[in-house]
Amino acid sequence: MNYAQHEHHDFLGASNQALADPPLQAALTRLTDTLMAGNRKGYAALADSSALRDHAKRIKEHTLAHLDRYLEQLEASVQKLGGRVHWAATADDARRIIVTIAQQAGCQNAVKSKSMTSEEIHLNGALEKAGVRVTETDFGEFIIQLAGERPSHLVAPAVHHTRESVARVLSQHLGQPLPDDPKSLALAGRRVLREEFRRADLGISGVNFAVAETGSIVLITNEGNGRLTTTCPRVHVALMGIEKVIPRMRDLPVFLKLLARGATGQTLSVYTTMITGPKRPGEQDGPDEFHLVILDNGRSRVLATPFRESLQCIRCGACLNACPVYRRIGGHAYGGVYSGPIGSILTPLYDSVTLNPHLPHASSLCGACQAACPVKINIPHMLIGLRALQHQHGQGGHGGRHRGRWESWAYRLWSVVLRRPWLYRLALRGARLALRRWDQDGWLTRLPGPGASWTALRDFPAPAALSFRQRWKKDLE
Amino acid sequence: MITCLGDALFPDVGVATVKLLRRLGVGVDFPESQTCCGQPHFNSGFHHDARALAKHTIHAFAKSPLVVTPSGSCAAMVKLEYPELFHHDPVWHGRAEDLARRTHELSDFLVNVLGKVDVGARYPARATYHMACHLRGLGITTEPLRLLENVAGLELVPLERHDECCGFGGSFAVRYPAISGAMVNDKAGFVEKTGAEVVVATDAGCLMNIGGCLRRRGGKVRIMHLAEVLAQQ
Numbered sequence: 002m003n004y005a006q007h008e009h010h011d012f013l014g015a016s017n018q019a020l021a022d023p024p025l026q027a028a029l030t031r032l033t034d035t036l037m038a039g040n041r042k043g044y045a046a047l048a049d050s051s052a053l054r055d056h057a058k059r060i061k062e063h064t065l066a067h068l069d070r071y072l073e074q075l076e077a078s079v080q081k082l083g084g085r086v087h088w089a090a091t092a093d094d095a096r097r098i099i100v101t102i103a104q105q106a107g108c109q110n111a112v113k114s115k116s117m118t119s120e121e122i123h124l125n126g127a128l129e130k131a132g133v134r135v136t137e138t139d140f141g142e143f144i145i146q147l148a149g150e151r152p153s154h155l156v157a158p159a160v161h162h163t164r165e166s167v168a169r170v171l172s173q174h175l176g177q178p179l180p181d182d183p184k185s186l187a188l189a190g191r192r193v194l195r196e197e198f199r200r201a202d203l204g205i206s207g208v209n210f211a212v213a214e215t216g217s218i219v220l221i222t223n224e225g226n227g228r229l230t231t232t233c234p235r236v237h238v239a240l241m242g243i244e245k246v247i248p249r250m251r252d253l254p255v256f257l258k259l260l261a262r263g264a265t266g267q268t269l270s271v272y273t274t275m276i277t278g279p280k281r282p283g284e285q286d287g288p289d290e291f292h293l294v295i296l297d298n299g300r301s302r303v304l305a306t307p308f309r310e311s312l313q314c315i316r317c318g319a320c321l322n323a324c325p326v327y328r329r330i331g332g333h334a335y336g337g338v339y340s341g342p343i344g345s346i347l348t349p350l351y352d353s354v355t356l357n358p359h360l361p362h363a364s365s366l367c368g369a370c371q372a373a374c375p376v377k378i379n380i381p382h383m384l385i386g387l388r389a390l391q392h393q394h395g396q397g398g399h400g401g402r403h404r405g406r407w408e409s410w411a412y413r414l415w416s417v418v419l420r421r422p423w424l425y426r427l428a429l430r431g432a433r434l435a436l437r438r439w440d441q442d443g444w445l446t447r448l449p450g451p452g453a454s455w456t457a458l459r460d461f462p463a464p465a466a467l468s469f470r471q472r473w474k475k476d477l478e
Numbered sequence: 056m057i058t059c060l061g062d063a064l065f066p067d068v069g070v071a072t073v074k075l076l077r078r079l080g081v082g083v084d085f086p087e088s089q090t091c092c093g094q095p096h097f098n099s100g101f102h103h104d105a106r107a108l109a110k111h112t113i114h115a116f117a118k119s120p121l122v123v124t125p126s127g128s129c130a131a132m133v134k135l136e137y138p139e140l141f142h143h144d145p146v147w148h149g150r151a152e153d154l155a156r157r158t159h160e161l162s163d164f165l166v167n168v169l170g171k172v173d174v175g176a177r178y179p180a181r182a183t184y185h186m187a188c189h190l191r192g193l194g195i196t197t198e199p200l201r202l203l204e205n206v207a208g209l210e211l212v213p214l215e216r217h218d219e220c221c222g223f224g225g226s227f228a229v230r231y232p233a234i235s236g237a238m239v240n241d242k243a244g245f246v247e248k249t250g251a252e253v254v255v256a257t258d259a260g261c262l263m264n265i266g267g268c269l270r271r272r273g274g275k276v277r278i279m280h281l282a283e284v285l286a287q288q
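Chains as they are written, first to last, in my numbering: chain G, 2 to 478; chain E, 56 to 288.
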């Protein structure tokens with residue numbers, strides 16, 4: 002069974018599996034190195050990227066503080082253009098709304114441009130069950146759809162595939178062997194997908210930004226599939242989380258400058274598509290019907306917590322590329338739809354803190370994510386906040402309640418010792434004596450208890466014969 | 056401020072820091088009631104314990120006009136997290152902000168407070184530099200390198216991915232040994248590839264992790280804290 006298909010899975014097993022997979026390691030290094038070099042170059046090319054990122058953050062803060070007002074404004078703007086707006090409180094509501102739209106319009110073949118929100122609500126399965134054929138049209142998404150997997154990266158969903166495995170998947174689908182060079186594979190994919198675009202009567206897209214003032218939705222793609230998805234079929238459904246709204250058209254360039262740069266280092270993505278309502282009388286292109294589905298699915302609950310900052314995320318994937326943990330275990334190890342540092346926050350918050358015990362801890366808190374984030378989200382702080390939340394649920398990092406209680410007592414005891422310098426000195430002396438038998442030239446090659454997992458891979462420095470405070474008293478004071 | 060890891064595991068670093076500061080004409084005192092800044096508790100989500108330790112530390116340094124620590128990690132805890140920990144407490148918040156303002160990581164103090172990039176150090180060796188993650192949080196990205204560039208006789212060779220985390224992360228290293236081990240083995244590999252005799256860093260956590268891994272791999276590269284290099288003459 003492929004772990005990519007499971008939500009509450011074995012994090013340790015999955016990450017060990019990823020670490021022991023050389024082709025995956027090579028693919029992750031290649032992709033994240035390229036994208037991170039782009040991220041750095043992209044920010045450096047701006048006159049003052051830090052100030053611009055602060056500005057983008059303030060726009061998001063402002064919007065989230067007045068979210069009710071901007072969402073209602075967006076609804077009114079879309080309706081004025083002849084579009085329909087649907088409010089979905091839960092994933093279930095969103096699935097039902099979209100299935101109903103498809104059924105009422107008599108749609109049978111859907112094409113989709115890449116949308117993480119649609120992954121979040123598991124839309125494809127619901128549509129297939131209702132008899133609607135669904136084809137993902139982003140090439141990476143198409144490959145993982147054929148392989149029955151989940152995306153393992155926010156912007157490069159099939160990073161865990163190699164050209165050989167893509168050739169295998171595509172050959173099987175087409176029933177004919179394909180060479181594994183990228184050009185032949187891209188051309189084969191294009192041939193299949195063009196046919197799907199021609200046949201489709203329903204186009205489903207995500208939303209990168211929705212402009213409240215004009216009712217426009219903005220889509221950012223590199224393959225142009227977003228444009229075909231939203232213009233060929235007669236019905237277009239766009240699905241967005243409530244946090245995707247921005248107030249005005251003039252706020253958009255701030256994010257356009259940052260999104261592609263943060264994600265890949267591109268000045269702009271290849272296609273920036275702005276859609277303002279359905280086809281108007283006299284126009285040739287565009288859908289007859291335009292539906293905007295606005296999804297809550299737990300977001301308004303998070304809005305009322307200290308984790309509100311996570312709603313500023315624009316899903317660029319920069320934190321994944323920057324993260325030394327993601328770079329080694331890949332996206333599937335995280336279990337949820339969203340992976341990497343931001344996924345370690347979103348999955349516990351939206352799914353369950355108790356069912357995802359590892360995610361907040363599987364980070365060295367190195368801060369590379371925040372440094373790469375276009376809106377400077379303080380991801381390390383939120384991970385620490387989630388750790389505190391786990392303790393409130395009476396749960397340790399992993400291993401259930403018992404370990405949690407043991408751990409919190411250990412930390413409490415440690416803090417009691419640390420507040421009494423004489424006890425601290427005594428404890429230090431005790432540790433030194435206890436560890437002396439493993440000391441080899443100042444290093445310990447074995448440690449007892451939890452320390453064993455340190456010394457399984459590396460040595461540990463032995464406590465010095467004289468601590469600094471002893472040497473201070475002896476020589477320095 | 057010489058906190059727990061430096062006190063117990065790397066006392067030479069503290070001694071070097073004292074000698075270096077005195078050589079530069081700075082009067083140094085060591086308030087002996089200090090123990091640990093509380094970062095392990097804070098990072099593990101035990102904020103109540105962290106607050107108690109923060110109060111202890113604020114109290115220990117109440118009379119110190121300036122606080123210098125050879126640890127980006129403790130400096131980041133005091134400067135960035137202490138005020139945050141007390142943001143609902145009008146009395147302690149002010150005290151935390153005050154200590155945060157007075158506290159400096161060593162390289163930050165030397166370069167930005169004393170205004171010195173050449174501290175008169177001499178150390179003939181081939182060295183490479185690993186950037187500790189907490190310096191990123193503090194915005195101290197060039198100071199240690201500028202200090203090292205001015206050490207007479209020191210040949211500084213660049214380290215591939217010098218600002219990528221070594222995989223320490225406190226409890227992370229013990230909870231997730233496989234991931235942490237992969238990170239530190241990559242780091243040790245990059246260090247070995249430079250051909251340097253010494254790898255220099257600014258934090259005890261990085262040094263024990265990278266040093267422990269280098270030793271297990273059987274290499275000859277030594278670890279040194281920035282203060283130890285700068286104290287050499």
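Simulated from the structure, these hints should not be mistaken for laboratory data. C-beta atoms are modelled at their ideal positions from N, C-alpha and C, and glycine is treated no differently. Among the clues, some could well be false.
[To be verified] Sample of chain E residues at the chain G side, in silico, Cβ under 10 angstroms:
1) 88
2) 238
3) 262
[As the list claims (entries may be wrong)] When the alpha-carbon atoms are kept at most 25 angstroms apart in a straight line, the in silico DMTMM-like pairs for lysine to aspartate or glutamate are as follows:
4) G:475 <-> E:215
5) G:377 <-> E:218
6) E:248 <-> G:165
7) E:110 <-> E:173
8) G:474 <-> E:87
9) E:118 <-> G:478
10) G:475 <-> E:218
11) G:474 <-> E:67
12) E:74 <-> G:165
13) G:81 <-> G:214
14) E:171 <-> E:87
15) G:377 <-> G:165
16) E:110 <-> G:408
17) E:118 <-> E:173
18) G:184 <-> G:165
19) G:475 <-> E:139
20) G:377 <-> E:210
21) E:118 <-> G:165
22) E:171 <-> E:144
23) E:248 <-> G:22
24) G:184 <-> G:202
25) E:74 <-> G:22
26) E:171 <-> E:139
27) E:275 <-> E:215
28) G:377 <-> E:204
29) E:74 <-> E:204
30) E:248 <-> E:210
31) G:42 <-> E:67
32) E:248 <-> E:218
33) G:130 <-> G:150
34) E:118 <-> E:152
Against the structure, the hints:
1. For residue 88 (chain E), the shortest C-beta to C-beta distance to chain G is roughly 5 angstroms, which falls under 10 angstroms, so the interface hint holds.
2. With a cut of 10 angstroms, the hint placing residue 238 (chain E) at the interface with chain G holds, because the nearest CB-to-CB distance is about 5 angstroms.
3. With a cut of 10 angstroms, the hint placing residue 262 (chain E) at the interface with chain G holds, because the nearest CB-to-CB distance is about 8 angstroms.
4. At most 25 angstroms may separate the alpha-carbon atoms for a hinted pair to count; residue 475 (chain G) and residue 215 (chain E) exceed this at roughly 41 angstroms.
5. Restraint check for residue 377 (chain G) and residue 218 (chain E): the C-alpha separation of about 18 angstroms stays at or below 25 angstroms, so the hint holds.
6. Taken as a hint, the residue 248 (chain E) and residue 165 (chain G) pair is broken in the structure, with Cα atoms around 31 angstroms apart against an allowance of 25 angstroms.
7. Of the pairs offered as hints, the one joining residue 110 (chain E) and residue 173 (chain E) is violated, with about 36 angstroms between alpha carbons and a cut-off of 25 angstroms exceeded.
8. Distance hint between residue 474 (chain G) and residue 87 (chain E) is fulfilled; the C-alpha atoms sit about 10 angstroms from each other, no more than 25 angstroms.
9. Distance restraint check for residue 118 (chain E) and residue 478 (chain G): the Cα-Cα separation of roughly 17 angstroms lies within the 25 angstroms cut-off, and the hinted pair is therefore satisfied.
10. Distance check on the hinted pair: residue 475 (chain G) and residue 218 (chain E) sit about 37 angstroms apart at the alpha-carbon level, beyond 25 angstroms; violated.
11. For the suggested pair residue 474 (chain G) and residue 67 (chain E), the alpha carbons sit about 14 angstroms apart, so the restraint of at most 25 angstroms is met.
12. Taking the CA atoms of residue 74 (chain E) and residue 165 (chain G), the gap is about 60 angstroms. The hint is violated against a cut of 25 angstroms.
13. For a cut-off of 25 angstroms, the pair hint linking residue 81 (chain G) to residue 214 (chain G) stands: about 11 angstroms separates their Cα positions.
14. For the hint pairing residue 171 (chain E) with residue 87 (chain E), the CA-to-CA distance comes to about 28 angstroms; that exceeds 25 angstroms, so the pair is violated.
15. Of the pairs offered as hints, the one joining residue 377 (chain G) and residue 165 (chain G) is violated, with about 37 angstroms between alpha carbons and a cut-off of 25 angstroms exceeded.
16. Annotation: proposed proximity of residue 110 (chain E) to residue 408 (chain G) holds, straight-line Cα distance about 22 angstroms (limit 25 angstroms).
17. Among the hinted pairs, residue 118 (chain E) with residue 173 (chain E) is inconsistent with the structure: their alpha-carbon atoms are about 30 angstroms apart, more than 25 angstroms.
18. At most 25 angstroms may separate the alpha-carbon atoms for a hinted pair to count; residue 184 (chain G) and residue 165 (chain G) meet this at roughly 13 angstroms.
19. Taking the CA atoms of residue 475 (chain G) and residue 139 (chain E), the gap is near 37 angstroms; set against the 25 angstroms cutoff, the hint is violated.
20. Between residue 377 (chain G) and residue 210 (chain E) the CA atoms are separated by roughly 36 angstroms; this puts the pair beyond 25 angstroms, and the hint is violated.
21. As the CA atoms of residue 118 (chain E) and residue 165 (chain G) are separated by approximately 66 angstroms, the hinted pair breaks the 25 angstroms bound.
22. Straight-line distance between C-alpha atoms of residue 171 (chain E) and residue 144 (chain E) comes to about 37 angstroms, which puts the hinted pair past the 25 angstroms bound.
23. Of the pairs offered as hints, the one joining residue 248 (chain E) and residue 22 (chain G) holds, with about 23 angstroms between alpha carbons and a cut-off of 25 angstroms not exceeded.
24. Between residue 184 (chain G) and residue 202 (chain G), the direct Cα distance comes to roughly 29 angstroms. Violation of the 25 angstroms bound is thereby established for this hinted pair.
25. Distance hint between residue 74 (chain E) and residue 22 (chain G) is unfulfilled; the C-alpha atoms sit about 49 angstroms from each other, more than 25 angstroms.
26. At roughly 31 angstroms between alpha-carbon atoms, residue 171 (chain E) and residue 139 (chain E) are farther apart than 25 angstroms, so this suggested pair is violated.
27. Taking the CA atoms of residue 275 (chain E) and residue 215 (chain E), the gap is about 19 angstroms. The hint holds against a cut of 25 angstroms.
28. For the hint linking residue 377 (chain G) to residue 204 (chain E), the alpha-carbon distance of about 31 angstroms lies beyond 25 angstroms, and the restraint is violated.
29. For the suggested pair residue 74 (chain E) and residue 204 (chain E), the alpha carbons sit about 20 angstroms apart, so the restraint of at most 25 angstroms is met.
30. Our distance criterion of 25 angstroms between C-alpha atoms is met by residue 248 (chain E) and residue 210 (chain E), whose separation comes to about 15 angstroms.
31. Between the alpha carbons of residue 42 (chain G) and residue 67 (chain E) the distance comes to roughly 40 angstroms, so the proposed pair goes past 25 angstroms and is violated.
32. Among the hinted pairs, residue 248 (chain E) with residue 218 (chain E) is consistent with the structure: their alpha-carbon atoms are about 16 angstroms apart, no more than 25 angstroms.
33. The suggested pairing of residue 130 (chain G) with residue 150 (chain G) holds, with an alpha-carbon distance near 18 angstroms, which does not exceed 25 angstroms.
34. Between residue 118 (chain E) and residue 152 (chain E) the alpha-carbon distance is near 15 angstroms, which keeps this suggested pair within the 25 angstroms criterion.
Hints 4, 6, 7, 10, 12, 14, 15, 17, 19, 20, 21, 22, 24, 25, 26, 28 and 31 from the earlier list are contradicted by this structure; the remaining hints agree with it.
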